[in-house]
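Colleague: Assemble chains R and U onto chain V, guided by the hints.
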Amino acid sequence: MRKLWLMLVCAFAVLVLAACSSGSNEEQGTNSNGTSKQGTEKAEVTGIDGIEITEPVEIEFWHAMSGDHEKALQKITDDFNNSHENITVKLVNQGGYGDLSTKVMAAAKANTLPALTQAYEDWMTEYIENDFITNLNPYVESEKYGFTDDEFNDIMEVFREMNTWDGVLYGLPFNKSTQLMFYNVTYFEEAGLEVPTTWDEMKEAAEILTNDDVIAIGFENGLSIGFNQWVHQAGGQFFDEATGEFKMNSEEGKYALTYVNDLIQSGVARTAGEDGYMSGPFARGDVAMYFGSSAGLPYVAAPAAENGIEWSTAVLPSDAQSAAPFAGTNVTMFNHLSDEEKLAAWQYMKFLINTDNTIYWAQQSGYIPVRQSALDSDEWKSYVEENPTYGVAQQQLEYGFYDPRVKGAYAFKNAVAKELDKVFLGEYTVEEGLEAADKAAAKELGK
Amino acid sequence: MNQKPTLKDTLIGYSYLLPALIILGVFSVYPIIKSFFMSFYADYDFFKDIVHSYGFDNFIYIFQDTEFYKSLTNTFIFVIGVVPASISISLVIAILLNSKIKFGKLFRTIYFLPFVTSVVAIAIVWQWIYHSEYGILNYFLGWFGISPIEWLNDPKWSMPALIIMCIWKSLGYNIILFLAGLQNINPQYYLAAQIDGASKFKRFWHITVPLLSPTTFFVSIVVLINSFKVFDEVFALFNGRPGPGYSAQTIVYYIFEKFYNEWEFGIASAAAFVLFIIIFIFTLIQLYVGKRKVNY
Amino acid sequence: MRQAFSKGFIYILLTIGSLLMLLPFIWMISTSLKTPGEVMSMPPTWIPESWKWDNYLKAWEMAPFLRYTLNSIIVVIVSTIGEIITTILAAYAFSRLQFWGRDIVFAILLGTMMVPGEMLLIPNFVTLSNLGWINQYEALIIPWLASIFSIFLLRQYFLGVPKELHYAAKIDGCSNFRFLWSVMVPLAKPAIVTIALLKAIGSWNAFLWPLIVTQSEEMRTLPVGLTAFTTEAGTNFELLMAASSMIILPMIILYIILQKYIIEGVSKAGLKG
Chain V
0 MRKLWLMLVC AFAVLVLAAC SSGSNEEQGT NSNGTSKQGT EKAEVTGIDG
50 IEITEPVEIE FWHAMSGDHE KALQKITDDF NNSHENITVK LVNQGGYGDL
100 STKVMAAAKA NTLPALTQAY EDWMTEYIEN DFITNLNPYV ESEKYGFTDD
150 EFNDIMEVFR EMNTWDGVLY GLPFNKSTQL MFYNVTYFEE AGLEVPTTWD
200 EMKEAAEILT NDDVIAIGFE NGLSIGFNQW VHQAGGQFFD EATGEFKMNS
250 EEGKYALTYV NDLIQSGVAR TAGEDGYMSG PFARGDVAMY FGSSAGLPYV
300 AAPAAENGIE WSTAVLPSDA QSAAPFAGTN VTMFNHLSDE EKLAAWQYMK
350 FLINTDNTIY WAQQSGYIPV RQSALDSDEW KSYVEENPTY GVAQQQLEYG
400 FYDPRVKGAY AFKNAVAKEL DKVFLGEYTV EEGLEAADKA AAKELGK
Chain R
0 MNQKPTLKDT LIGYSYLLPA LIILGVFSVY PIIKSFFMSF YADYDFFKDI
50 VHSYGFDNFI YIFQDTEFYK SLTNTFIFVI GVVPASISIS LVIAILLNSK
100 IKFGKLFRTI YFLPFVTSVV AIAIVWQWIY HSEYGILNYF LGWFGISPIE
150 WLNDPKWSMP ALIIMCIWKS LGYNIILFLA GLQNINPQYY LAAQIDGASK
200 FKRFWHITVP LLSPTTFFVS IVVLINSFKV FDEVFALFNG RPGPGYSAQT
250 IVYYIFEKFY NEWEFGIASA AAFVLFIIIF IFTLIQLYVG KRKVNY
Chain U
0 MRQAFSKGFI YILLTIGSLL MLLPFIWMIS TSLKTPGEVM SMPPTWIPES
50 WKWDNYLKAW EMAPFLRYTL NSIIVVIVST IGEIITTILA AYAFSRLQFW
100 GRDIVFAILL GTMMVPGEML LIPNFVTLSN LGWINQYEAL IIPWLASIFS
150 IFLLRQYFLG VPKELHYAAK IDGCSNFRFL WSVMVPLAKP AIVTIALLKA
200 IGSWNAFLWP LIVTQSEEMR TLPVGLTAFT TEAGTNFELL MAASSMIILP
250 MIILYIILQK YIIEGVSKAG LKG
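Same order as they appear, the protein sequences are chains V, R and U.
Heads up: the first sequence at position 230 corresponds to 229 in numbering that gives the first Met the number 0, and the numbers run straight through without jumps.
Heads up: the second sequence at position 259 corresponds to 258 in numbering that gives the first Met the number 0, and the numbers run straight through without jumps.
Heads up: the third sequence at position 263 corresponds to 262 in numbering that gives the first Met the number 0, and the numbers run straight through without jumps.
What the hints contain is simulated information worked out from the structure, not anything from laboratory work.
It is possible that part of the hints are untrue.
What the hints assert, rightly or not - A few chain R residues facing chain U, derived, Cβ under 10 Å: (1) Ala41; (2) Ile86; (3) Thr108; (4) Trp167.
Keep in mind that this is a model prediction, so the values were computed, not measured.
Beta carbons are placed, not taken as given, at the ideal position from N, Cα and C, and that holds for glycine.
One chain only, chain V, in its complex shape (with noise of 0.2 Å):
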């Protein structure tokens, strides 16, 4: 005990004298980037087409499906590893999304990536940036390898083009999903309601629903942070990818932001809040119609069949123009392979998504098809007739968008979010709350 705090302090200093001289160390860095350097041209492309895979080749496949899911993509992994001789797809479940994420840093920074791995646009953004990821266009382009043009054509154009970073294609698109709106049958019903298919339509609605038990609209948590599924629907943009400007500071903007704002203060809609996820408020009857994710579909089922809650889903009401928000993951290859690994990879990337095994994956998972021809198969069509819950999400594909990919986004979009949601709590005006989320932008962006 005696001085242990002089000692503290002592100790403190030994830190910083031992933190200043690791310095010398850090240095050496810069004299191996340029070896790391020439490793990422050699895997430039050289004539894919000219490429064979002779000799066994492994790669892994790092992904956050768990349950159902998982086993869906071992089956497609299975029959890969099955018809394709000399090339094995190792599947590894890295946790959730966030463990996932963390472990690709992780990787990265001990050089031990694998060859394939799921990511979000915004965490692709940042591979780019650092250059972790393959440009695809050769492998889509090659004659041997690659896919005709009806066949990359197939692939539903904003997919595409969520994978494409000026005009560099560096992923295909794996789970996908997007917002729709989710109602209460019997509620409507007794109302006499029609489901509403714009936004006056909702709020009329909106308004009948609502009584002592019941508030009509049901918004998830994250309605501040997917606020630009709003001002795309009024007409404005939230985003301009090209010139980098957030936009939503514009007359659309301030529409879309007030409307949704008096759903709000006006007591006909609510957030989630408390109770975490909407689907749980939706089916104890709480709600009647709410937004969400069409990933969440199994999840609103089982409990709603068992409270005895009659449910369905339609496309999300519009006003100047119909938008829906597309998301989810996709597959991305890494950069530091080998010719052959980065074939193998690519095959495996091609196989994941062609026709009958995106049908397969959307069925087992709930997921959307990611081909046009897979929503025109005729083993498409009889499932979605069979779960038409299933078939409403496809709908939405020709008018669907994606959030901003831009270096920063998780930073730009939460602070953004961070200002719209002081305007749902009150704290802001709809003026005050656009001129603090152009603020918050305007400094995430430039920095």
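Modeller: Showing chains R and U alone in chain V's frame:
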């Protein structure tokens, strides 16, 4: 016994320390030094370990960031709310559990349960306790004519909600530490005091408190440090968000967000560095007070 | 009379407290037996309408829990024993030995507690990767073989043991090492058992670290298995709680077994003050 240690003494001392020093040196001290160093990176490539220039940019950034100040304030509120309450409540319960009571074993097991119960279960039950409409807390408050509080929806109440849950959650752990500490007090002291006719309170004040002081000192330092580092509980109680409108964002949440979600490694390190300095100062104060009050 | 009254008061206080402590635990067990619809009900039902015991079977089959259990047991046993040994040695040095730099080394180690663990994850991953230990038991065990928290705790406990014992032993010609193992360790049994218990629970419940440093199902531990019940769109609470209940059961049993060593320390050790 306080003669100057010889070289031989020193060698003996370090031979005892060696196993622990190797592990802690490699897996704690070394990465911490690296991360402190990183807080001075101004222009760098984290993944390739290249530093183009050093500077105070990261510190300048955080000290101009209102979010950082908000996180600091929330963390201080949290520490003030949790530390004294947690220590005193667990001390009292530990003493009760240590006295000769019926069902002592059962009670001790029950008070230990929160420590092993799944964090998810704990968070969900507290979400229910706090629920504005269905929750039991508002139900009890209703008895006293207090109108329902939106514990988890209202930014004003999110910190109190977090603090109450964390006091509850820390009890099991602290009680175990106090129970262990109480065993170090020789029962003969109590016997002697009882023979001298000392009252229960006097015995508590003159025997338990001073003789438990090394444990109390330890618990208070550990609870303080852990409270400054609160993170998981925020994540669990508010479903992965830092409360409504970021009202319960703590400093480690800020660090986590910067490091893992925004890839701002230097800024995260700088914030961790500032947190370190703050905890460090508080620990110094505790050590200083402890030096005068702790009996060995 | 007053005695009885205050005793009664103590029992009432402890019982109310117990209920508060038990709530989440009861909810966990009760949820593990519910149907998905009943899980969502608000306010929660405490007794399931129909007892779905097969949730436990379903949960068990969702992940290779047998293998995970084996790994967890190996990791807990080895790392707990290892930590106890390093802790006893270090705590003794910090509390009873005189040597150069003692307090400053202790202070540096204390300082490491002040940095959030989130900052250490990536550098430690890189270290383990350089050592070639990723996806090996080494990665799951070796970084956790020492803890400053435990050293600090035991040091405090050792400091509470009368110094006269040490002097007396020295005069009797008892070596430091023998004194430590034959006098100090038995005396500090409550603290050592406490450390072992906290360590075992911490190691048993550790999630992020085992997940990050392993690459295959064969190397993973029980808490990693809990991720099987959650997807981005929702959580199967009834299965998650069934699995959680199964996982914590061994720790509760461990506590019940070890409790008597924590509580009956000194009286058994027979210390004459």
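Colleague: Now tell me if each hint is right for this structure.
Modeller: Okay, the hints, checked on the actual structure:
1. Checking alanine 41/R against chain U: minimum C-beta separation of about 19 Å lies over 10 Å; hint violated.
2. Hint status for isoleucine 86/R: violated, given a least beta-carbon distance of 15 Å to chain U, over 10 Å.
3. Of the supplied interface hints, the one on threonine 108/R holds, with its beta-carbon coming within about 6 Å of a beta-carbon of chain U, less than 10 Å.
4. Because the closest C-beta pair between tryptophan 167/R and chain U is about 7 Å apart, less than 10 Å, the hint holds.
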